[in-house]
Amino acid sequence: MDETDPILWNDWHPVAARCTLDPARAHHTLLLGVPIEVSIDDSGSIVAQRTDHASLHQDERHGLIWVCLGTPTRGVLPIPEADEPDRPTIVVGAVAVRTSAPRVIENFLDLGHLGYVHAGYLGDDPHTRVLPYKVDPLPGGGIIATQCRMYQPQASPAATEGFVVDYVYKVERPLATCLYKANPVARDRFDIIYLFVQPVTQDSSIAHPLLLCLPDGTSPEAMRAFQQTIFMQDKPILENQVPKRLPLTDGMELAIAADKTSIAYRRWLASTGMTWGVDRAA
Amino acid sequence: MTMLEPGKWYAIAADHDLPHNHIYRTALGGHELAVWRSSDGGVHVWQNRCPHRGVRFSLGEVVADELRCQYHAWRFATSGACTFIPAQPDMKVPGTIRAVVWPVALSGGMVWTGIDPAGSPPALPTGAIVRAIPVSQPASVIAQALADTPLAGLTLIVQPQDQESAIVRGIAGDGDLARADRMLTALRRRIEQTA
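Protein chains in written order, with the working numbering: chain A, 1 to 282; chain B, 1 to 195.
Warning: the hint list may mix true and false statements.
As the list claims (entries may be wrong) - Taking lysine-lysine pairs in the DSS-like style, the calculated list, with each CA pair at most 30 Å apart, reads:
hint: 1; chain 1: A; residue 1: 134; chain 2: B; residue 2: 8
hint: 2; chain 1: A; residue 1: 134; chain 2: A; residue 2: 235
hint: 3; chain 1: A; residue 1: 235; chain 2: A; residue 2: 260
hint: 4; chain 1: A; residue 1: 170; chain 2: A; residue 2: 260
hint: 5; chain 1: A; residue 1: 260; chain 2: B; residue 2: 92
hint: 6; chain 1: A; residue 1: 235; chain 2: A; residue 2: 170
These aren't lab readings, by the way, just hints derived from the structure by calculation.
From just these sequences and the hints, can you work out the full model?
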């Protein structure tokens with residue numbers, strides 16, 4: 001466990017959500033293989049610490065508790081839309097997945113599985129064609145996919161009919177991604193879903209999804225339940241990917257044009273020098 | 001890194017493990033395998049991994065004479081060739097997109113495979129096929145135990161799964177499956193305890 005990856009070691013990662021912490025018992029988790037304990041007292045103040053008492057950096061943003069084990073070179077990823085007054089932030093809840101963190105991010109970016117893994121919700125056979133879309137590098141590092149369009153029978157709890165949904169995907173940090181999708185009611189505005197993945201070990205992770213959706217009459221409980229259903233559909237697929245670490249070498253897995261975002265994500269990770277949770281073997 | 005003897009046939013499933021529309025998952029010498037039967041009755045032994053994103057084929061579905069991956073519903077013919085990609089339905093699928101196909105032989109009620117296996121699988125006596133027993137010990141330890149103390153009336157074959165475990169398959173010559181099962185579970189208990 002001493003193969004520390006400077007890229008992830010010096011970045012911020014979520015380790016808990018405030019709303020799930022309980023003063024009666026500390027929350028125990030792992031970050032990059034390092035045991036972490038997160039506790040909250042009756043006044044609501046939260047302390048995250050390494051169980052070996054080595055120092056760490058702690059922050060709280062977007063309802064989540066963040067830790068940097070190394071030396072942070074920047075803050076927790078900002079979400080400008082979180083400041084829009086009519087846009088609440090909803091913590092969906094942590095989902096443990098027995099695969100590497102980059103596999104979880106890549107699946108989030110994937111259009112081709114929507115009609116099968118999320119059939120009846122985010123896609124449906126035979127509307128499975130992935131239309132051409134654009135992928136570009138982001139100026140500050142990372143990638144953006146635009147002009148993505150998918151037919152969705154039940155794009156959100158409030159959708160009353162199927163329609164073609166416009167999507168934009170962004171990956172701004174190796175283990176942080178988000179998507180913008182047309183709101184089913186106010187179709188000129190976007191709902192935003194963030195996914196932060198906590199790298200637990202090289203082969204296991206915890207997904208922390210976050211919703212920044214415009215209120216449409218759906219209760220936060222129903223929003224959470226819908227997203228949890230979606231994540232639970234992904235989990236068995238992710239846990240049956242072999243190998244668990246994301247292959248970064250061309251040829252280990254075969255991609256097609258519809259996989260453009262995945263190809264760009266893998267190439268970008270390869271260029272950063274990240275080693276945790278990826279397979280660079282020739 | 002393989003622990004398999006080239007040229008040798010290994011029994012990796014019983015014929016009755018393969019009802020229609022089922023994909024049987026097993027491992028041989030560290031290689032995970034997906035075993036399935038197409039509608040023409042043919043049996044196929046494949047590497048248990050879709051070449052696209054590595055999802056286990058054993059999660060998938062048999063659709064007539066094709067195997068369909070559960071992740072993106074790519075379809076693969078019995079030759080291993082990918083025939084259809086729903087994300088790009090008009091694309092002619094490149095011939096390079098293939099499942100990794102292993103050799104296969106059906107004999108004595110068993111499905112056999114191996115690395116470049118030569119000739120025919122070993123002949124087995126007539127009888128009933130016993131329940132396969134997984135044992136958490138290397139194949140060599142099990143083979144030695146069977147050589148030291150043969151189990152009367154049973155013809156047994158050891159399938160190495162990985163470095164630490166194996167599956168014992170075999171035939172009960174007298175057809176008494178309950179007796180065979182008792183003997184094999186006792187054997188398993190003994191071998192796993194003496195480790």
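Hint consistency between residue 134 (chain A) and residue 235 (chain A) [alpha-carbon to alpha-carbon, up to 30 Å]: holds, 27 Å
Residue 170 (chain A) paired with residue 260 (chain A) [C-alpha distance capped at 30 Å]: holds, 13 Å
Restraint check for residue 235 (chain A) with residue 170 (chain A), where alpha carbons must lie at most 30 Å apart: Roughly 21 Å between the alpha carbons, so the hint for residue 235 (chain A) and residue 170 (chain A) holds.
Given pair status - residue 8 (chain B), residue 134 (chain A), alpha carbons within 30 Å: Outside the cut-off at roughly 51 Å; violated.
Given pair status - residue 260 (chain A), residue 235 (chain A), alpha carbons within 30 Å: Measuring from Cα to Cα gives roughly 22 Å; hence the hint holds.
30 Å Cα cutoff - pair residue 260 (chain A), residue 92 (chain B): With Cα atoms ~18 Å apart, residue 260 (chain A) and residue 92 (chain B) stay inside 30 Å; holds.
Checked against the numbered hints given earlier, the structure breaks only hint 1 and satisfies all the rest.
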